[in-house]
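Enquirer: Sequence:
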Amino acid sequence: MAQKVKSVWFCSSCGNESPKWMGRCPACGEWNTMVEEKVTSGAGAKRTDAYRGPGQSAHPLSLSEIDSSEEARITLRSAEMDRLLGGGIVEGSLVLIAGEPGIGKSTLSLQIPLHCQGLKTLYVTGEESARQVKMRAARLGGDGSGCLVFSETLMENIISEAKKAMPDLMIVDSIQTVYTQTMESSPGSVSQIKECAAMLLRLAKESGIPVILIGHITKEGSIAGPKVLEHIVDVVLQFEGDNTGAYRLLRSIKNRFGSTSEMAVFEMTGSGLREVSNPSEMLIPMHGQGLSGIAVSAMLDGSRSFLIEVQALVSSAAYGTPQRSATGFDVRRLNMLLAVLEKRAGFRLGVKDVFLNMAGGLRVSDPACDLAVVCAVLSSNFDFSIPSDVCFAAEVGLSGEIRPVSQTERRIAEAARLGFRKIYVSSFGAQCHVPEGIEAVRVPDIPALCRILFKN
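At position 311 of the sequence shown the residue is numbered 320 (the working numbering), and the sequence of numbers has no breaks.
These aren't lab readings, by the way, just hints derived from the structure by calculation.
It is possible that part of the hints are untrue.
Stated by the list, open to error - PhoX-like mimics (lysine-lysine), calculated; alpha carbons at most 20 angstroms apart, straight line:
1. 228 - 214
2. 15 - 203
3. 15 - 29
4. 214 - 129
5. 47 - 29
6. 129 - 173
7. 431 - 361
8. 236 - 263
9. 172 - 214
10. 464 - 431
11. 263 - 203
12. 214 - 173
13. 203 - 47
14. 129 - 143
15. 143 - 214
16. 203 - 236
17. 15 - 47
Produce the entire structure from the sequences given, and follow the hints as far as they go.
Expert: Now the structure itself:
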């Protein structure tokens, strides 16, 4: 049968295929996401088979016959990356690293082969020339003798070179720039990304070469391309943080070989990304003692406990409508906490501007930060400074009660390790071990907290 080229409409959100344009995708319900692409059908169209590793049988096996030994892992010589991946990158796995432009995706991926002596790496660059990669490697430092740089965007050439070189690790920067000749659409389209990712997955599973993909994100913050890309890969890591700030968060969104509750912190320096083994060092005070509107929260992100500085500024509204602004915190939750303070505790904040900031450029979603936010707002409103050796870890409910949070003992231990003398927690939580040198003050609600904290 001869090849046929036809127009097909794909949803850029979920990858659903339709023979005609639709205003709303029938699969995911998103509006105005259908894009037109040319596809080839017939004898020349490529079909992919099931993914089988080397030496695996083509017939069904019972669960008792399948080898259940642990996956072979390759250490990346980075404590944070190895912990994030669950102990190292698994042989034959497909890892996707996504993030905003300039946040450090290419820097992190190039640092891996530069700092792993003896690890043969094939670095495929579709966005930069080999000379540009060399200039960046000279800035980052390290040993680049084991890193092979291949400037190519055609998928067939990349796979052919990978089979000849048989590296220990392969990095593709980025998945949106490569394309395959079996598809008529342009690089970066839904069908190209889906087909190229499937070809790389087949290469990884059959050869045992782990592959790291660099991915772009859209202006809404989601990973560019079809949603099926995140389903194809084994691990999804996403960079977070303000690219104008120093700190970056690499968060595990999906991991078939480890936990998805892990997070790594990096600092962008002139010589690349530096691992932050102690995230609480982001709490370095950049102000004098006795300043109002400052509170410290003992928060938990994944399995990492660290302390973060919460800054608030409350002032009289200069205009008719008071302003509510939050950086690194959900502004809707801020409005809820301000309503609780006004309704349950009697503080008149409805006619005042409230500005909130999470120090370090981080975005916080842990409910344990509620109590620190409330105390920072009240501290600024009363112009009363909170002692620098006091921190908070509790959630605030709609009735003004202070609710317990998970793993309170770990938060208290982290605060004690950093020299804090007092931590405010919920009185409704279970009793836990309190290390020597720190006092855990249990409070039931906001009025009781104000009587204790602002009694002077």
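Enquirer: Does each hint hold? Answer for all of them.
Expert: Here is how each hint holds up against the structure:
1. 228 - 214: Status violated; Cα separation ~32 angstroms.
2. 15 - 203: Holds: residue 15 and residue 203 sit about 18 angstroms apart, inside 20 angstroms.
3. 15 - 29: Measuring from Cα to Cα gives roughly 11 angstroms; hence the hint holds.
4. 214 - 129: holds, 18 angstroms
5. 47 - 29: With Cα atoms ~12 angstroms apart, residue 47 and residue 29 stay inside 20 angstroms; holds.
6. 129 - 173: holds, 13 angstroms
7. 431 - 361: Violated, at roughly 30 angstroms.
8. 236 - 263: holds, 13 angstroms
9. 172 - 214: holds, 13 angstroms
10. 464 - 431: Cα-Cα ~16 angstroms, so holds.
11. 263 - 203: holds, 18 angstroms
12. 214 - 173: Roughly 16 angstroms between the alpha carbons, so the hint for residue 214 and residue 173 holds.
13. 203 - 47: Holds, at roughly 14 angstroms.
14. 129 - 143: holds, 16 angstroms
15. 143 - 214: This hinted pair is violated, its Cα atoms lying about 30 angstroms apart.
16. 203 - 236: holds, 9 angstroms
17. 15 - 47: holds, 6 angstroms
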